[in-house]
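**Q** Spelled out, the chains give:
Protein chains: 2
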Amino acid sequence: MSTDLSKFFYPKSIAVIGASSKPGTLGYELLGNLMNFGYNGKLFPVNPKADAIHSIKSYKSLLEIKDDVDLAVIMLGKHLVLTAIDECKKKKVKSVIVITAGFKEVGEEGVTLEKELIAKTKKYGMRMLGPNCMGIINTKKEVQMNGTFIKGTPVPGGIGFVSQSGALGAAVLRIIEKYDIGFSQFVSIGNKADVSENDVIDYWKDNDDVNVITVYLESFSDPKEFLRICKEVTKTKPVIAIKAAKTNAGMKAASSHTGALASADTVAETLFEQSGVIRVNTVEDMFNLGKAFDRARLPVGNRVAILTNAGGPAILTVDEADRCGLDVVNLSEKTKKKLREIVVAEASVNNPVDLLPSANADVYKKATELLLADENVDAAVLILGPPLMFDTVEITKYMCEAVNKSNKCAIVVVMSQDEIIAEVAKQMPVHPPIFNSAEKAAWAIGEMLKYKAWKESPDGKVKQFNVNTKGVRSIIKKYKTGNVYLDFDDVYDILNHYKMPIVETLIARNVQQSIYDANKIGFPVVAKVFGRELVHKSDVGGVALNIQDEDELINVESRIIANLKEKGIDDKLEGFILQPFAKIEDGVETILGAVKDANAGHLLMFGLGGIFVEVFKDVKFKIAPLTTADAKSIVRSIKSYEILKGVRGKKSVDIDFVEENILKLSKLVTDFPEFTEIDLNPFVFSPNRNKSKILDARIKLG
Amino acid sequence: MSTDLSKFFYPKSIAVIGASSKPGTLGYELLGNLMNFGYNGKLFPVNPKADAIHSIKSYKSLLEIKDDVDLAVIMLGKHLVLTAIDECKKKKVKSVIVITAGFKEVGEEGVTLEKELIAKTKKYGMRMLGPNCMGIINTKKEVQMNGTFIKGTPVPGGIGFVSQSGALGAAVLRIIEKYDIGFSQFVSIGNKADVSENDVIDYWKDNDDVNVITVYLESFSDPKEFLRICKEVTKTKPVIAIKAAKTNAGMKAASSHTGALASADTVAETLFEQSGVIRVNTVEDMFNLGKAFDRARLPVGNRVAILTNAGGPAILTVDEADRCGLDVVNLSEKTKKKLREIVVAEASVNNPVDLLPSANADVYKKATELLLADENVDAAVLILGPPLMFDTVEITKYMCEAVNKSNKCAIVVVMSQDEIIAEVAKQMPVHPPIFNSAEKAAWAIGEMLKYKAWKESPDGKVKQFNVNTKGVRSIIKKYKTGNVYLDFDDVYDILNHYKMPIVETLIARNVQQSIYDANKIGFPVVAKVFGRELVHKSDVGGVALNIQDEDELINVESRIIANLKEKGIDDKLEGFILQPFAKIEDGVETILGAVKDANAGHLLMFGLGGIFVEVFKDVKFKIAPLTTADAKSIVRSIKSYEILKGVRGKKSVDIDFVEENILKLSKLVTDFPEFTEIDLNPFVFSPNRNKSKILDARIKLG
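Protein chains in written order, with the numbering used here: chain A, 16 to 717; chain B, 16 to 717.
All the given hints hold, so there is nothing to weed out.
Dumping the calculated DSBU-like pairs for lysine-lysine here, alpha-carbon to alpha-carbon at most 30 Å:
#1 K665(B) to K654(A)
#2 K441(B) to K166(A)
#3 K654(B) to K660(A)
#4 K582(A) to K706(B)
#5 K351(A) to K93(B)
#6 K666(A) to K708(B)
#7 K193(B) to K156(B)
#8 K193(A) to K193(B)
#9 K106(B) to K27(B)
#10 K632(A) to K665(B)
#11 K57(A) to K109(A)
#12 K654(B) to K632(A)
#13 K708(A) to K654(B)
#14 K353(A) to K93(B)
#15 K93(A) to K352(B)
#16 K632(B) to K660(A)
#17 K654(A) to K632(B)
#18 K654(B) to K666(A)
#19 K665(A) to K708(B)
#20 K582(B) to K660(A)
#21 K632(B) to K632(A)
#22 K666(B) to K476(B)
#23 K587(A) to K660(B)
#24 K380(B) to K166(A)
#25 K353(B) to K93(A)
#26 K352(A) to K93(B)
#27 K166(B) to K380(A)
#28 K64(A) to K107(A)
#29 K666(B) to K582(A)
#30 K580(B) to K660(A)
#31 K654(B) to K647(A)
#32 K193(A) to K441(B)
#33 K665(B) to K708(A)
It is worth saying that the hints were derived from the structure and are not from the lab.
In isolation and in its complexed conformation, chain A is listed as follows (with noise of 0.2 Å):
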């Protein structure tokens, strides 16, 4: 069941507690917009010292009030906030926004002051929305409530919109009607000290007013909670989201290969991947895709059309298109035919289809209807620029009539008219989405598209595996202090008990006892230094392959412990690891590897290993536990992938395998939540399943 915030965007009655009579103070502006805005409920102001507030009897407190309050707004000094709340349980409100500032975010007395605020509505049983905020807003007609103190009047439309800057909210409220960004719901969560986007995602799933989530983050609430939550909500209706990425403490200390390639922003970036989130970085790009989305259909296919007036536009349209992944696809004759009976002699009927300056209103509009009525066209961008000498309105509205006719996804473009935008969007309620910019209007579609094929997505499971996990527990049980790397015979141990395959590994302690582990192995083998410390073993010159006899071994381990006397750190070696030397001619090194973030849990990395880790960081992450669609996924996404899968008449490398084993690490982070850090570099994936092996690993106690 999903959370219920209907009390707080359904009010039947609203109490505004510190309602004032003085302009210019918020208990004056979030009265005053109610009433303006035409709320269908019944207000109650609240005030001790006034009778009447903009014309409606005010009360003196909110227990004199006779009739039930489904909804408290509080706007009073911060230090009488409690004492409102108590008097919120006495009158039975369970739903109340908190608007008053000077919480958790001034600082110490403040975080005091919230944690009692939290702690007393918890008590309740009540709802909060806030501290801080800026109220809340439905535009639907039943309710027509705007809840803020923000200037500005809500267009209706689709979309939600929560947001956790006030001030990014008041910006925006103030363009929707020059942009035509019609709203549904708009809420500002402030300090977030209860209510959270989580909550107010998880309730807009099932509203049928919302048909597009927008959100602007700062920060998560709860990491697992949104992904669990928008993995639901996306396979419904889109969510489009800005985060700004900023610090991420969780991972700062990292010292694997894989945590040294999680940045400040991987968080975030694989929470929203993995969940089907639409992340876009600008106010603009989030309502330009929400618009498309409220106001178009999704289009069937990647095949677009393209209308425009002008040469230039639709060049750089044609442009962003193919970036996209949309085909400016071919007419079908039929509709070469058709459309050149309506233009003059000069205009171009082939895609993208250029009218001219002298197309009126009933040219765009026979155009718009030939294009969206093609069989090869699934979507069209069309673009007016400045026409010359007609009204652009009309020729705007020919456009927007003919596409409310069509089933088919199509964006208009009226290039550097702003005003035209919301002239028409007066004019005509319903209407296709209208864009100032054609760039805009092919990536939308291309953001639609993508959408799409998510929605369509198979969701995956989380697989089991036959693995000894008590084993590994009792391998950990030896360690009595955290944050410690294992042993690596320890790190062997584990990864035979999952089932991971371990290149065949000795561990000599001497000079004398490698060449001993060496012929035991069979020449050629791999020699590395063995030792806690010793950490990033090719640095110190201390990894040789292809050893091909005992001759060599000595040399070459006499050389590794020169190197290491060199740099004044021999008494870190412990001794040598001996390995197999596998060919890895016919496969792939890539790195597995995992990372534990203090909020979002362990993060799963995949990607081309050996020496380009770090110089192309092709590597992609998800969050564990990873489900079989996330494995399929993260093996695809990166551009290694072509590489897997064999170039220049190479085989494929076993990619169900590389996938087993991806969810096998998945389980192991997911059993044993203590492992903060896991490198498996260079895990050597080739053509025979049998024939992959990790070559090296380190495992990380928490």
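Put chain B on the given structure of chain A with help from the hints.
**A** Chain B only, in chain A's frame:
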């Protein structure tokens, strides 16, 4: 000496041939624009049927005018244009603008007419702008010429704008007031039958009225000239360009690796990069950046301060600043202390400085002054979110005043309040750039820094080498037909003539001879199939490395022959190439190549070689001839430069030797433009230049 277009931009008298008294016609609108904008010279309407137009005496013919005419604007029907040119010749007019359309752009008949037009103007020694153009603007007080037929009033400033697309130019002129885009000069070059973008950019180089050059292009008139001119101009003033990529027929059929990696956009991308032109993708970006260059100082360093009254936008700005290479620096203690004295208690005086919504104009002004005075700060982004209770115009003006007094780079941002931009610009003619997006401001400062680095970078020289051009000439002579790959032995000789380190190579015509050759070279050897039509050797399993002895060689060659048979292409086998087996463990596989574009000439390519070439496409291009600076730049701009410099304890390859070989290849294609494709792949570079070898090479003759 640069191109002289002064009679176009600074005419003392203009004849408008085809002026009309009928509102709505181009002839009426253009004359009206000239008058309304207050042209400071003499206007002579020419129309056989009118006595006066727009209250000015009109002339039946150009020859009736007694005064000298500097510039003629022709807007007659297309079949009257040639006659008008004849009259211009008689009247000794040397500069003509042909607004009339219906030439090259409409097909065959128009192409013929345009050719006649070009021939005539050339014969008469005239310079012609157009045909099919929108005209010209110069906002300078002494000229004040709006010689276009477009609606909208030009705003004076320091930006020069040359547009190949009329529609795009028109769209821009509609928004210049709104976004405060100050033009100094604007020119629509239309079909650029004579005056091209190159002429205009060259002319603006020494024009003090133009501080920044902006360019919209659909095609390059002469790419090599563009490169030569822009390389010079960008050292004086910034050039910002939009170029739609679209088709590039020049390299379509390339079959080499180098050719395959060059995309339709490579020529444009390379031209811009190599000439220091800043490429942007949208009109918005072009003019935001143009405004920044025009109205702000170049930042001295990358340390940026951010001022705001709202947290959210500031966080997004920090992210973008970081992405653009800016350092959101720690403010000095002195600054923080002084800020503390003027802000409210809850405000943050750490960068980004958050004044909170309560900040008024005075606080904003003082904070701006303090930030710009801080010795740690090179540049500032000053953000104003919509204030609840203050006058935005006043705050903005106060900020602008503080910036005007400073000598540092600063951009003022009024979020979501476009109307403020125009208002402040009107009230305060001298003002810093005012943006409506804080992220764009951070981006613009980043671009300004990059431009500064380019401006200060050394020019480089084309280096000469002592090579045997005669030897190469005589090899080329052997080939009677073009479009053919040279035999490997010829390739081998050519590279030796240019002292490029092709690996020692013997070519055996059969297995027997290959055994003899292998022994001559000394085992281990490499064997490769040899055959003019066997292009991608590893695709046919035709490369064997590290062959230890005669038996292995026989085995390998038998297997290769069997493979070819299986694919049915054994008749293409002409023999075997034998080379010493060089371990590339301490070397790095690169690819160095060249491909000829029909318009831009030879593009050199350098990048990471081996199986990663196609996957990572980590290659860069430069147009030949390369300077020493170009060679340095190409090597340092690939991601794998890190690998060349040595990772994980490996030594750096000999970078000087890499550059030397790049310059030699540049010389080779410059000396012999008949080579259309060259692949040196792999070209293995090692720390020791004597061990650096070209392991395979192909050269195609055009």
